[in-house]
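Protein chains: 2
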Amino acid sequence: MTASDVAVFRQILDAKDVIEDEADLAGMNVDWTGRFKGESRLALMPRTTEQVADLLRHCQKRKLAVVPQGGNTGLVGGGVPIRDEIIVSLGRMKKVLDHDPVTGTVALEAGVILERADQFVREHGRMMPIDLGAKGSCMIGGCLATNAGGIRVLRYGSLRSNVLGLQAVCADGTVLDNMRGLQKDNTGYDWKQLIVGSEGTLALITAAVIKTWPAPKDIQVALLSLDSYEQIGKLYSLAQSECAEVLSAFEFWDESAKGLLQKHLKLKVPQTSQFAVLIEVSGSEKEPNSEKLLRLLEIAMEKEIILDGSIAQDETQAKVFWSFRESIPEACAKEGLVLKFDLSLGRSQALYSIVERMRDNLKNDATVSSITGYGHFGDGNLHLNISMDQLPDREKVLRIEKQVFGYIRENGGSISAEHGIGQAKMPFLHYSRSDTEIALMYQLKGLFDPSGILNIGKVLSPKTTKYFNVY
Amino acid sequence: MTASDVAVFRQILDAKDVIEDEADLAGMNVDWTGRFKGESRLALMPRTTEQVADLLRHCQKRKLAVVPQGGNTGLVGGGVPIRDEIIVSLGRMKKVLDHDPVTGTVALEAGVILERADQFVREHGRMMPIDLGAKGSCMIGGCLATNAGGIRVLRYGSLRSNVLGLQAVCADGTVLDNMRGLQKDNTGYDWKQLIVGSEGTLALITAAVIKTWPAPKDIQVALLSLDSYEQIGKLYSLAQSECAEVLSAFEFWDESAKGLLQKHLKLKVPQTSQFAVLIEVSGSEKEPNSEKLLRLLEIAMEKEIILDGSIAQDETQAKVFWSFRESIPEACAKEGLVLKFDLSLGRSQALYSIVERMRDNLKNDATVSSITGYGHFGDGNLHLNISMDQLPDREKVLRIEKQVFGYIRENGGSISAEHGIGQAKMPFLHYSRSDTEIALMYQLKGLFDPSGILNIGKVLSPKTTKYFNVY
Chain H
1 MTASDVAVFR QILDAKDVIE DEADLAGMNV DWTGRFKGES RLALMPRTTE
51 QVADLLRHCQ KRKLAVVPQG GNTGLVGGGV PIRDEIIVSL GRMKKVLDHD
101 PVTGTVALEA GVILERADQF VREHGRMMPI DLGAKGSCMI GGCLATNAGG
151 IRVLRYGSLR SNVLGLQAVC ADGTVLDNMR GLQKDNTGYD WKQLIVGSEG
201 TLALITAAVI KTWPAPKDIQ VALLSLDSYE QIGKLYSLAQ SECAEVLSAF
251 EFWDESAKGL LQKHLKLKVP QTSQFAVLIE VSGSEKEPNS EKLLRLLEIA
301 MEKEIILDGS IAQDETQAKV FWSFRESIPE ACAKEGLVLK FDLSLGRSQA
351 LYSIVERMRD NLKNDATVSS ITGYGHFGDG NLHLNISMDQ LPDREKVLRI
401 EKQVFGYIRE NGGSISAEHG IGQAKMPFLH YSRSDTEIAL MYQLKGLFDP
451 SGILNIGKVL SPKTTKYFNV Y
Chain U
1 MTASDVAVFR QILDAKDVIE DEADLAGMNV DWTGRFKGES RLALMPRTTE
51 QVADLLRHCQ KRKLAVVPQG GNTGLVGGGV PIRDEIIVSL GRMKKVLDHD
101 PVTGTVALEA GVILERADQF VREHGRMMPI DLGAKGSCMI GGCLATNAGG
151 IRVLRYGSLR SNVLGLQAVC ADGTVLDNMR GLQKDNTGYD WKQLIVGSEG
201 TLALITAAVI KTWPAPKDIQ VALLSLDSYE QIGKLYSLAQ SECAEVLSAF
251 EFWDESAKGL LQKHLKLKVP QTSQFAVLIE VSGSEKEPNS EKLLRLLEIA
301 MEKEIILDGS IAQDETQAKV FWSFRESIPE ACAKEGLVLK FDLSLGRSQA
351 LYSIVERMRD NLKNDATVSS ITGYGHFGDG NLHLNISMDQ LPDREKVLRI
401 EKQVFGYIRE NGGSISAEHG IGQAKMPFLH YSRSDTEIAL MYQLKGLFDP
451 SGILNIGKVL SPKTTKYFNV Y
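Each protein sequence line maps, in turn, to chains H and U. Per this note's numbering, residue 1 is the first one in the first sequence, and the count goes up by one each step. Per this note's numbering, residue 1 is the first one in the second sequence, and the count goes up by one each step.
Just chain H, same shape as in the assembly (with noise of 0.2 Å):
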């Protein structure tokens, strides 16, 4: 990059959505976590899409690497530079478009926070179809491109499935726009699908329209506790055979995050076995949630599926005990450093062995604290936390995640339910997929950005074409 290019960018945008400042380029350079670092020397803060395509345009023709970043909330390291890329923020992008009262679909820019579509939407009565701890920050084009996760994928689907509109900008300029929000659509090729979720590698997502739902006018929630995660599965079953419809949320977690969510939070959590459930029931009006709530639970009780457990008695109860879920990842983090898996395996009843496993692995490791198992029961997405006294080596990170994700290979799991694959997963990414689905990639990388400009170095290895299988 020289001055000149620095110039070229100078007069498609204004000169203050042109970063150079080393102080405002540093938050953009390191990823949440701190894990990830680059060295970026100048971000570029797009207000329309034509600006967005003529800066790609010109990275084209100069072979400028580009990293797009929305919130920079990711968990993998996907949205920030491994060098000095040039940061693509979409953070100045945040009009809501369009919104249809009487379809409820939403056209948003992709730097629109989700925390303020949910908001927007929900004067309108409806809510956003995904939900998760990062929502204060998170954008939607991020949310888009890692086609993130979170507590609502049981009821409302995956955030994918959610997408009737995409526009965004491929390496060369040419900007992809099929906005019109059409609930059904079959002509031709769903080319946004294949956007959504490639995590900036293929195209820069620069506005969605998304569905949305009609917001619940009520939420009961109950805690209950379990002695085995065969159990867990059973009382699945029940639940959504008795709360169908009505059936919002399934998390559960082991006694080693209640140990640790008392031990750093003071927080008293109410579980008397070795699992915890929160079933979250919401819908249009109380009276059959609470109903069909107790119903469940009676049921779980005669057939002992369930040893106790009971319903919050109010909003504040229902957040106490959500907060008991919400707080796992802090309470893990204070009792140490965390390596953090985020799996998923198609039959529910195994993921759990992997905590187990991985228990009996470290049990003579002295600097490991702590092993937690807490997710989405519903989705088969378990979360691992492993908690150590101190920054473990590589090599040592490198034996548990080959311990880990060996199992997931064995069992035909994914190695990144919600997280993506980033950076931090690159490596791994054969595990669970086949060479030949990623040789696809390969050859749809190759169509979409074939001078590799578009966010280098993640998902995908950029040293060959052949998978850079360094494990």
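Check each hint, because a few of them may be wrong.
You can't tell identical chains apart in this list, so a pair holds if it fits in one copy or across any two.
Lysine-lysine pairs mimicking DSS-like chemistry, simulated, CA-CA at most 27 Å apart [claimed, not checked]:
#1 K286 / K234
#2 K217 / K303
#3 K340 / K268
#4 K95 / K303
#5 K217 / K286
#6 K340 / K266
#7 K94 / K234
#8 K234 / K303
#9 K334 / K263
#10 K340 / K135
#11 K37 / K402
#12 K303 / K286
#13 K263 / K340
#14 K16 / K37
#15 K303 / K37
#16 K234 / K396
#17 K61 / K286
#18 K95 / K16
#19 K135 / K217
No lab work stands behind these hints: they were computed from the structure.
Using the hints, position chain U against chain H.
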């Protein structure tokens, strides 16, 4: 194709799975509407994915064109040969491969008939996410290849959004396989979404994992009369707010439909005004369903959104109400030869205007006997049926198509909400998709099927790499 090609196919398949008999081929050469006829002299009926791969490998090597066929129930000529392509029928791959009792996912071979899949999962208290008129004949592979719609999209989302795994064979025999059936998996590009809805032009679907839903234990149906299309929009907004999670269908039809149902099928529709709406709510218990539906009707009556209406008193009456909606295509067909359109717009309000516009445009055409509008209001999806006394000449059809599709183009809608492009709508693809989108489709087609052997003459014109813009 030579005798030695057939000999190769006989080595790959059992003799009885290689069909050369003209009588046996007749039904496979023509679509069920009778509009699209091919002259294939060979149908292959593989029983395994490996056989499909071996067949395609040979076809690609010899540049023999192939048309994949499922239940042959499509409406746009997408599943029949245009000339003498080899038919590859999936009808003999009909095994249920797996079923997970906890998550409720089901793995199916492409040839499983939708109704059979639904029956299978209902034994486990679940239902398929898709239901449509052709369910007794259509196959899972064909449903996926066309991203088939139907009456459950409103509640359960598109079929696309319920696909958790896919196995498909590329033109060169490469087997793309991701049958892990994960609810959440963010490990690289979701190629299966590209195959879904590509109508057999990118790869041949051999199996899939589908998400199923708890089968409702109670279903309530109401039939309402309204005097304008705008009122339907108001009723829909109200239904989303009042019935929310139990709303499972919101269908509508016009007075013309009522007249044809009465005239040709002797059905007495209790519809007192210009429009009828059928609302279905369903869920895990009767009482809240009935109460929510009743309250919706009370409010709608009070607000003068509906003129009158009734709730089906039992299952028999509910079936009668549904029969009105389901019999409309048949009633239109009895009125004469039907030009069928399957349209959607992002904003529901303007959609019915095309029916009125076409009535106006064709008011002096004596061959037009009725113009009927009906469809899935909640999905913004209108079926426009123009019944004519006699087969119109190609020129007149074209004139009508240009008027209808022109309106859709002006309003940013879809010329094919559910049915796909196939042969029938190929010349109009650019009415719904931009040149940029279509150029990308050609690139993707070139990547997946460089020799162009897969379902030639469907979706994209084979004649040029630039879209063959005949109109």
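Verification of the supplied hints:
1. K286 / K234: both (26 Å within a copy, 24 Å between copies)
2. K217 / K303: between (31 Å within a copy, 21 Å between copies)
3. K340 / K268: within (24 Å within a copy, 63 Å between copies)
4. K95 / K303: neither (52 Å within a copy, 34 Å between copies)
5. K217 / K286: Both ways: K217 and K286 sit 8 Å apart in one copy and 20 Å across, limit 27 Å.
6. K340 / K266: For K340 and K266, only the intra-copy Cα distance (23 Å) is at most 27 Å; the inter-copy one is 66 Å.
7. K94 / K234: Answer is neither: 44 Å inside a copy and 30 Å across each miss the 27 Å cutoff.
8. K234 / K303: Close inside one copy (10 Å), not across copies (46 Å); limit 27 Å.
9. K334 / K263: For K334 and K263, the Cα distance is within 27 Å only inside one copy (9 Å; across copies 75 Å).
10. K340 / K135: within (20 Å within a copy, 45 Å between copies)
11. K37 / K402: within (24 Å within a copy, 56 Å between copies)
12. K303 / K286: both (26 Å within a copy, 24 Å between copies)
13. K263 / K340: Intra 20 Å, inter 67 Å, cutoff 27 Å: intra-copy only.
14. K16 / K37: Within one copy only: 24 Å inside, 63 Å across.
15. K303 / K37: neither (52 Å within a copy, 60 Å between copies)
16. K234 / K396: neither (37 Å within a copy, 61 Å between copies)
17. K61 / K286: Intra 59 Å, inter 64 Å, cutoff 27 Å: neither.
18. K95 / K16: Answer is within: at 19 Å inside a copy they meet the 27 Å cutoff, but 62 Å across does not.
19. K135 / K217: Answer is within: at 21 Å inside a copy they meet the 27 Å cutoff, but 36 Å across does not.
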